[in-house]
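Q: Hey, can you work out the whole structure from these sequences and the hints?
Number of protein chains: 2
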Amino acid sequence: MKIDAVDFFYFAMPEVTTAADGSQDALVVRVSAGGYVGWGECEAAPLPTIAAFVCPMSHGACRPVSASVLGHALDGPEDIDAISRLVARDSMDLLQAQHTLSGIEMALWDILGKARSEPVWKLLGYQRSEAKIPYASLLFGDTPQETLERAKKARSDGFSAAKFGWGPIGTTSAQDDADQFVAAREGLGTDGWLMVDVGQIFAEDVDAAAARLPALEKVKAHWFEEPFYGSSYEAYAALGARGSSVRTAGGEAAHNLAMARHVMDIGKVGFVQIDCGRIGGIGPAKIVADLAGARGITYVNHTFTTHLALSASLQPYAGVARDRICEYPADPSALAQAIATNPILRDANGEIRAPEAPGLGIDVDLVRLKPYLVDTEISVKGQVLYRTPAI
Amino acid sequence: MKIDAVDFFYFAMPEVTTAADGSQDALVVRVSAGGYVGWGECEAAPLPTIAAFVCPMSHGACRPVSASVLGHALDGPEDIDAISRLVARDSMDLLQAQHTLSGIEMALWDILGKARSEPVWKLLGYQRSEAKIPYASLLFGDTPQETLERAKKARSDGFSAAKFGWGPIGTTSAQDDADQFVAAREGLGTDGWLMVDVGQIFAEDVDAAAARLPALEKVKAHWFEEPFYGSSYEAYAALGARGSSVRTAGGEAAHNLAMARHVMDIGKVGFVQIDCGRIGGIGPAKIVADLAGARGITYVNHTFTTHLALSASLQPYAGVARDRICEYPADPSALAQAIATNPILRDANGEIRAPEAPGLGIDVDLVRLKPYLVDTEISVKGQVLYRTPAI
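So the sequence lines, in the order shown, correspond to chains S and P. Quick note: the first sequence uses this note's numbering, first residue 4, plus one each step. Quick note: the second sequence uses this note's numbering, first residue 4, plus one each step.
No wet-lab data here; the hints were simulated from the structure. There could be a bad hint or two in this list.
Since copy identity is lost for identical chains, a pair holds within one copy or between any two.
Only pairs whose alpha carbons sit at most 35 Å apart, straight line, appear in this in silico DSBU-like list of lysine-lysine [as the list claims (entries may be wrong)]:
1. Lys221 / Lys384
2. Lys373 / Lys384
3. Lys384 / Lys223
4. Lys373 / Lys125
5. Lys223 / Lys155
6. Lys5 / Lys384
7. Lys271 / Lys221
8. Lys5 / Lys125
9. Lys271 / Lys373
10. Lys156 / Lys223
A: Here is the structure:
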């Protein structure tokens with residue numbers, strides 16, 4: 004097969020707010036090769052990500068992603084790897100390139116799976132798709148009362164695991180934060196898995212983050228996610244060295260394999276969280292899952308958008324029975340819900356699995372998405388380099 | 004003062020080739036505040052970098068860079084730092100944001116310097132601008148003979164230091180590379196400073212890089228630059244541990260302070276190379292210069308474009324007498340030459356200094372640049388978000 008076409012579709016809700024809700028827009032990629040169509044999604048700002056595909060070359064090490072993808076052979080996983088290496092080298096100086104590649108790479112796996120009538124996780128070497136406990140990924144309320152209600156709702160919606168993130172945490176006192184943690188635990192019940200995500204709020208301030216540990220221990224938080232900037236591995240290590248029973252989680256910002264390695268080996272996290280829509284796709288994420296296993300670190304997906312992204316993010320550790328929980332967009336936008344006609348639903352046990360269907364196993368219905376399409380046009384020297392494809 | 008306007012100008016040579024010559028295009032930024040005009044330059048792919056400034060918000064942690072800059076106060080260095088922190092937080096998920104910010108941040112320093120009638124290096128706390136030995140930054144020829152001629156020309160052009168980079172190095176045998184190194188040394192003369200840059204060609208293959216060390220030692224190379232991917236700190240450390248007298252150099256890919264720290268503390272480089280057009284501007288680069296000094300690591304600028312970028316890249320270590328050499332674009336494109344009406348020229352000793360004039364001390368003449376202007380337009384939902392400003 005040869006890669007014939009790559010099309011980007013930029014979707015957004017009519018109104019996008021400053022809430023930390025990553026499902027308010029989506030950049031979906033459609034790739035065509037050998038008569039097959041594959042789908043992927045970049046977890047990225049749509050406009051710069053499209054620009055990184057179509058931009059004119061700046062020099063030999065700053066070429067658009069399109070130069071490494073269009074027309075390339077696609078006959079096996081080794082071709083996907085070759086494309087990724089090509090982008091790493093020829094788009095070395097184009098920072099956004101890895102986010103652009105990520106969605107394309109997923110779509111390439113989707114095509115390979117469809118061509119071989121096998122799910123992607125099988126192509127990755129797994130024998131079966133293990134059941135995962137989905138955790139509802141939610142935002143803290145503005146008040147503990149709101150958080151309590153959200154936690155109760157998650158529980159009544161059948162989630163035995165929930166992660167609360169962002170909101171006011173870290174912006175006032177450690178006591179205020181403790182009140183929020185207690186509310187989350189109370190709403191979820193004593194037997195639920197409770198995770199806490201503070202969205203890099205402490206920058207590199209280890210003491211400020213450490214001041215939250217006693218309250219997190221008290222509510223038996225399963226992890227303490229992203230206290231610091233994504234690359235501040237030293238701060239992660241320093242917090243870990245305080246010896247709390249609550250281990251850190253991080254890695255979602257990793258936009259290459261080396262960064263994921265660092266968050267494990269230097270940051271000493273207990274949980275490594277990988278977003279296939281950022282790290283360069285499914286291939287590098289699978290390597291991280293292998294490395295995590297060898298280090299006794301728990302691998303978890305990072306997914307706050309659609310079920311297309313969810314399927315992609317489950318593949319790298321679909322066959323790892325030991326790593327039980329997975330992030331599950333519990334309350335995504337209408338747009339995110341519209342993307343997959345066959346979403347990944349919870350079974351009678353409240354668990355989910357990466358699909359058994361070929362490729363990523365997610366059907367994308369563009370017609371349902373038409374109302375969310377964001378008309379975009381980029382032209383350089385009077386030539387249209389990108390125009391939103393017709394649906 | 005308040006930041007009133009930010010304008011991006013995308014310039015390019017009529018023909019852009021796959022040569023590793025970063026001066027084939029340029030993204031110049033003009034910022035207006037309080038009646039002053041400041042200039043900066045992003046060392047980045049122009050189109051995605053502009054897109055990261057104007058793109059619609061995706062969510063609270065994925066806002067365009069413009070949201071953190073336009074209308075912000077600018078009364079002192081603390082405001083520049085505040086803007087950088089705002090971008091780090093509110094554009095956390097927008098990978099290209101740091102490249103966009105870099106050029107803007109330089110322009111903010113330029114404005115502050117002009118407003119206070121002081122060069123930027125003085126605002127950074129230095130008492131004087133020390134003389135630096137400029138090294139001609141050149142590319143290896145396709146053959147050793149070509150390299151020999153280029154080295155001879157650099158010498159006859161008055162350069163006592165030269166760096167050769169890229170070309171065929173690493174693509175064939177260690178012996179072929181050795182022939183190139185010998186040619187460079189022969190052309191430059193036994194007393195010249197010779198640096199070698201292999202542009203990440205060995206990915207993470209430490210043995211392949213180490214196979215080049217004996218030849219580099221033989222020609223007394225001053226450093227061995229970027230044998231590996233920018234974030235592959237473990238590979239840098241492993242190569243350093245081989246104990247060669249030729250130390251590694253790296254860091255140009257750093258797009259935040261943490262990455263520069265890692266290349267020093269984990270990668271154990273002997274030379275840290277910072278591009279102010281990538282790392283987020285002059286402020287974080289100055290912190291790297293301080294950290295390097297404390298560690299006994301030599302700080303060097305990375306500059307392969309214009310004299311505007313050169314001035315910006317000299318500021319962070321302008322007052323550090325110990326760090327003697329600096330990268331100097333010896334053979335830039337006609338476009339890069341046209342940017343500054345008052346370039347930074349070598350004195351009678353063949354040395355250069357960061358300018359004494361207020362701000363960055365570089366006058367940009369847009370009229371001379373008009374022939375290189377790349378007309379660009381980006382529109383979303385029928386609204387023009389960016390159109391090349393008139394000159």
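Q: Determine for every hint whether it applies to the structure shown.
A: Outcome of the hint check:
1. Lys221 / Lys384: neither (61 Å within a copy, 49 Å between copies)
2. Lys373 / Lys384: The answer is both: 30 Å in one copy and 14 Å across copies each meet 35 Å.
3. Lys384 / Lys223: neither (59 Å within a copy, 47 Å between copies)
4. Lys373 / Lys125: within (33 Å within a copy, 56 Å between copies)
5. Lys223 / Lys155: So Lys223 and Lys155 pass the 35 Å test inside one copy only (17 Å; across, 69 Å).
6. Lys5 / Lys384: Both: 30 Å inside a copy, 33 Å across copies.
7. Lys271 / Lys221: Within one copy only: 22 Å inside a chain, 40 Å across chains, cut-off 35 Å.
8. Lys5 / Lys125: So Lys5 and Lys125 pass the 35 Å test inside one copy only (22 Å; across, 57 Å).
9. Lys271 / Lys373: neither (44 Å within a copy, 52 Å between copies)
10. Lys156 / Lys223: within (20 Å within a copy, 69 Å between copies)
Checked against the numbered hints given earlier, the structure breaks hints 1, 3 and 9 and satisfies all the rest.
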